[in-house]
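Asks: One letter stands for each residue in the lines below.
Protein chains: 4
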Amino acid sequence: MDEIDIEHVAERSLSDPVLIEGLPGVGHIGKLVAEHLVEEFDSELVRRVYAAEFPPQVTVDDAGVTDLTAAAFHAIETPDDAADLLVLTGDHQASTNAGHYTLTSAFLDVADSFDVDHAYALGGVPTGELVEEYTVLGAVTDADLKPPLEAADVEFRSDEPAGGIVGVSGLLLGLGERRGLDATCLMGETSGYLVDPKSAKAVLDVLQEVLGFEVDVGSLEDRAEEMEEVVGKIQEMQSQQQQQVLPDDELRYIG
Amino acid sequence: MDEIDIEHVAERSLSDPVLIEGLPGVGHIGKLVAEHLVEEFDSELVRRVYAAEFPPQVTVDDAGVTDLTAAAFHAIETPDDAADLLVLTGDHQASTNAGHYTLTSAFLDVADSFDVDHAYALGGVPTGELVEEYTVLGAVTDADLKPPLEAADVEFRSDEPAGGIVGVSGLLLGLGERRGLDATCLMGETSGYLVDPKSAKAVLDVLQEVLGFEVDVGSLEDRAEEMEEVVGKIQEMQSQQQQQVLPDDELRYIG
Amino acid sequence: MDEIDIEHVAERSLSDPVLIEGLPGVGHIGKLVAEHLVEEFDSELVRRVYAAEFPPQVTVDDAGVTDLTAAAFHAIETPDDAADLLVLTGDHQASTNAGHYTLTSAFLDVADSFDVDHAYALGGVPTGELVEEYTVLGAVTDADLKPPLEAADVEFRSDEPAGGIVGVSGLLLGLGERRGLDATCLMGETSGYLVDPKSAKAVLDVLQEVLGFEVDVGSLEDRAEEMEEVVGKIQEMQSQQQQQVLPDDELRYIG
Amino acid sequence: MDEIDIEHVAERSLSDPVLIEGLPGVGHIGKLVAEHLVEEFDSELVRRVYAAEFPPQVTVDDAGVTDLTAAAFHAIETPDDAADLLVLTGDHQASTNAGHYTLTSAFLDVADSFDVDHAYALGGVPTGELVEEYTVLGAVTDADLKPPLEAADVEFRSDEPAGGIVGVSGLLLGLGERRGLDATCLMGETSGYLVDPKSAKAVLDVLQEVLGFEVDVGSLEDRAEEMEEVVGKIQEMQSQQQQQVLPDDELRYIG
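Line by line, the protein sequences give chains U, B, H and D.
Take 1 as the starting number for the first sequence in our numbering and just add one per residue.
Take 1 as the starting number for the second sequence in our numbering and just add one per residue.
Take 1 as the starting number for the third sequence in our numbering and just add one per residue.
Take 1 as the starting number for the fourth sequence in our numbering and just add one per residue.
Looking at chain U on its own, in the form it has when it is part of the complex (with noise of 0.2 Å):
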């Protein structure tokens, strides 16, 4: 196989598609809406990406039957006047920062093949702390692009994220932009720890909002309460272990 190996599944033409990247990343939450949006749209698979710096790896099925490990673009005709949508999803991002720019290439190679012109890089940033408010943090490769985004509440802070944005997320904007492609990252404040699907919604809010397509967010919506339960239920651990290393911590320091 050479370093990357493009296949196409079937042929589709879409009219003025938007790409969306959810490759996994802080909170899984790129990654959360991309692959929302190929169940609950009418999506069809039509291109897999392998690639050599993905691990020497196939998964099996529930039927034992093995698949090697790909980046897959879904297409999607929206419903509505909406722009239809390419949508990236994987299990892997590159494991060299070479190959980074390697996959990213590749990927934008059959964005180009498509006709996109405007990428959403989908992604997280990880705050440290339980998130109240799920503020919904942009960057673009262009200041025009800033209105329709800040109409969708989307905020654009100052050098912020401190550290850029990396991986493919980051190199879709970067390589994007030498291309002559338009981009966008939409990153969801998460604490960090935990996949977020209650971030992954705000961030699938403003995409709606931009984009003006309305999918359900009903399963989303489910996924994020089964997560607050389990977010719940931890934090009754730790208090519940605080109170009983306490009474020790005063006999020890105290008595």
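Hint data in this document are derived by calculation from the structure and do not stem from the laboratory.
Check each hint, because a few of them may be wrong.
[Unchecked claim] Short derived list, chain H residues pointing at chain U, Cβ under 7 Å:
1. M1
2. S15
3. P24
4. P56
5. Q57
6. V58
7. T59
8. V60
9. D62
10. A63
11. G64
12. V65
13. T66
14. L68
15. A72
No residue lacks a Cβ here, since even glycine has one placed at the ideal position from N, Cα and C.
Assemble the complex: chain U is given as a structure, and chains B, H and D must be docked to it using the hints.
Replies: Same frame as chain U, now just chains B, H and D:
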């Protein structure tokens, strides 16, 4: 040397051969089976594959003569009406992600040159505890391949192994399928802590039944017995240690 | 993207320019000097060098607009009769051995395209203790280059720095010489623990004397003063901590 | 720079030369022998090999002049009727598996260009304890090469060294054989903890006998004596420490 260097040691034509891969891995099960076939049958070394991904190393034989690290293909013309075998053995996998892809592609090139149309990748599945019943798990590139395997008591479990199949074995299925090759992975259940000839014998039994050849398994059974003695001694030592430790623990916690 | 991608941001012809390299390193001395020149002079960004060896990353500016990680070349036409300057700055070195060679070769290609015939690689030498007198050490590709540097108080010490000169600075000399380029490394002595604007000023003083330009060093002196206040506070805190610790130690060990 | 860059420093024709390789390794034995030959004989630097696999580094000589990291080939016309020598020395091996293959291939290219038909790779075998008798172990690409070595007291032990021969030395045999070159590895037994000039002298003695040249070994014997003094002092310090520790131990365990 190029990234890959394939040495033609001998030419031999095989009728409808299947590829049997047994490189090092969990419990060395694949390696045990593949080397057993090479030893028991009238086999001939036909190809060596050198790779810059292998350790920069020569081994020294019993006469002080060196051999460059390589993977080896042996040709076996089975008696009876069974399919001929092309058996891949070696001491190393690749050392990087990309290297696994390069190496497996080279192995598939060799298989292609012998008109192989079905590959069997052999390995082990770690269970984390001593195995009583030696089940063989299967995974295939195509669901149509399952019936004869199921008839030989190979089990197909939904989404197992959970972490997928990694290394050359995984890619023989993944990259093999991309080339139109049928491929099957047979994985013997094993504790994962020790070389496991008994699990290897279970995998070999499946191969014999599915491919229709017969081979003496005496030496494999001998090794299995030796291994059981080793395991027995380890268990004995552990139980003695626990008895020695117990009184101490009692003194510390109860006394 | 290829391994290296050189963006022509502007064309500008320079007369007998010298290359000044200031990438991150010990005490950030080279970086401080190079960025100071870019800020104080009327400089123009002429080239950006993108590299797959750099982190897969975009930075976000104060308006929320992204920039792909790159090294930058600025052109400076110095007033007076001094040589024009081509200044190389950036936030990263390469991430692998081979990458340093690829990256430095690309930098030398850019220098060649501007007819640079002398390169100055700027850096720091860690002394392990606070520096009182800010000596500048030198190393050259050709002994004939030493007299004017020695006249500017640059010290040449036998076999120093002991570990050689590593990274892009070292290769600018090593690979530069292979191309027939004269190259000089100027290394300010510094503790190695902190960003050191005072050591940077010492290096800048040498550059001014050797190349015959004059530049306002006010902002560098301001940063040096700020840094000295920081160091003063750290020293004060350390001496307080030692005093607080002492009585305790006495109680524990003597009382 | 390309992956490999071979500099032709001088042209020199040698009659039936053998390659002697002495890069850094266990006990620095190969390096000591190779550098001794370069210093004692009337040698001439003929080739430098630069490689992107080497550290990105220049060394600084006693005049403050830099040299790019490289491996060096020196040509030696031996007096007497002995074979001429092409001696490979340097400060580094490669930094990756694949790099060792690339580098060794380049070294073999240089050897080919001098019509070398026999290579001697020199190294050490760690024994883990102080060595009393300095045996030299051998390994060869062809059993026919053994008789003259055995006549010079080189020992060939079945399957030793157990871990094979790694690095450039190993590949000189492995890749050399692939090109039809005879190659011999001579390994001095050494503790593995220290630079070992005495073991180096044992290897040099074999070389002299096998190749038929004579060289002054005075400086190597001087270094061996210095090293023995160092070892003596270390042993003295260790025995003193043990005496100081003993009373304490007695108090703790027996008292």
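Asks: Against each hint, give a clear statement of whether it holds in the structure.
Replies: Each hint, compared with the structure:
1. Taking 7 Å as the C-beta contact cut-off toward chain U, the hint placing M1 (chain H) at the interface holds, the least distance being around 5 Å.
2. This hint is violated: S15 (chain H) has a C-beta 31 Å from the nearest C-beta of chain U, more than the 7 Å allowed.
3. A hinted interface residue such as P24 (chain H) counts as satisfied when its beta carbon comes closer than 7 Å to some beta carbon of chain U; here the least separation is about 15 Å, so the hint is violated.
4. About 3 Å separates the beta-carbon of P56 (chain H) from the nearest beta-carbon of chain U, less than 7 Å, and the hint is met.
5. Contact between Q57 (chain H) and chain U, as hinted, is supported at the beta carbon level, the nearest pair being about 5 Å apart and thus within 7 Å.
6. Taking 7 Å as the C-beta contact cut-off toward chain U, the hint placing V58 (chain H) at the interface holds, the least distance being around 4 Å.
7. The beta carbon of T59 (chain H) is positioned within 7 Å of a beta carbon in chain U (closest approach about 4 Å), and the interface hint is therefore held.
8. This hint holds: V60 (chain H) has a C-beta 5 Å from the nearest C-beta of chain U, less than the 7 Å allowed.
9. A hinted interface residue such as D62 (chain H) counts as satisfied when its beta carbon comes closer than 7 Å to some beta carbon of chain U; here the least separation is about 4 Å, so the hint holds.
10. For the restraint placing A63 (chain H) at the interface with chain U, the shortest Cβ-Cβ distance is roughly 6 Å, inside the 7 Å limit, so the hint holds.
11. Evaluation of the G64 (chain H) hint against chain U yields a held restraint, the C-beta minimum of about 3 Å falling below 7 Å.
12. The beta carbon of V65 (chain H) is positioned within 7 Å of a beta carbon in chain U (closest approach about 5 Å), and the interface hint is therefore held.
13. Contact between T66 (chain H) and chain U, as hinted, is supported at the beta carbon level, the nearest pair being about 5 Å apart and thus within 7 Å.
14. Below 7 Å, beta-carbon pairs count as interface contacts, and L68 (chain H) has one with chain U at about 3 Å; its hint therefore holds.
15. The interface hint given for A72 (chain H) is violated, since its Cβ lies 15 Å from the closest Cβ of chain U, which is over the 7 Å cut-off.
When held up to the earlier numbered hints, the structure conflicts with 2, 3, 15 and fits the remainder.
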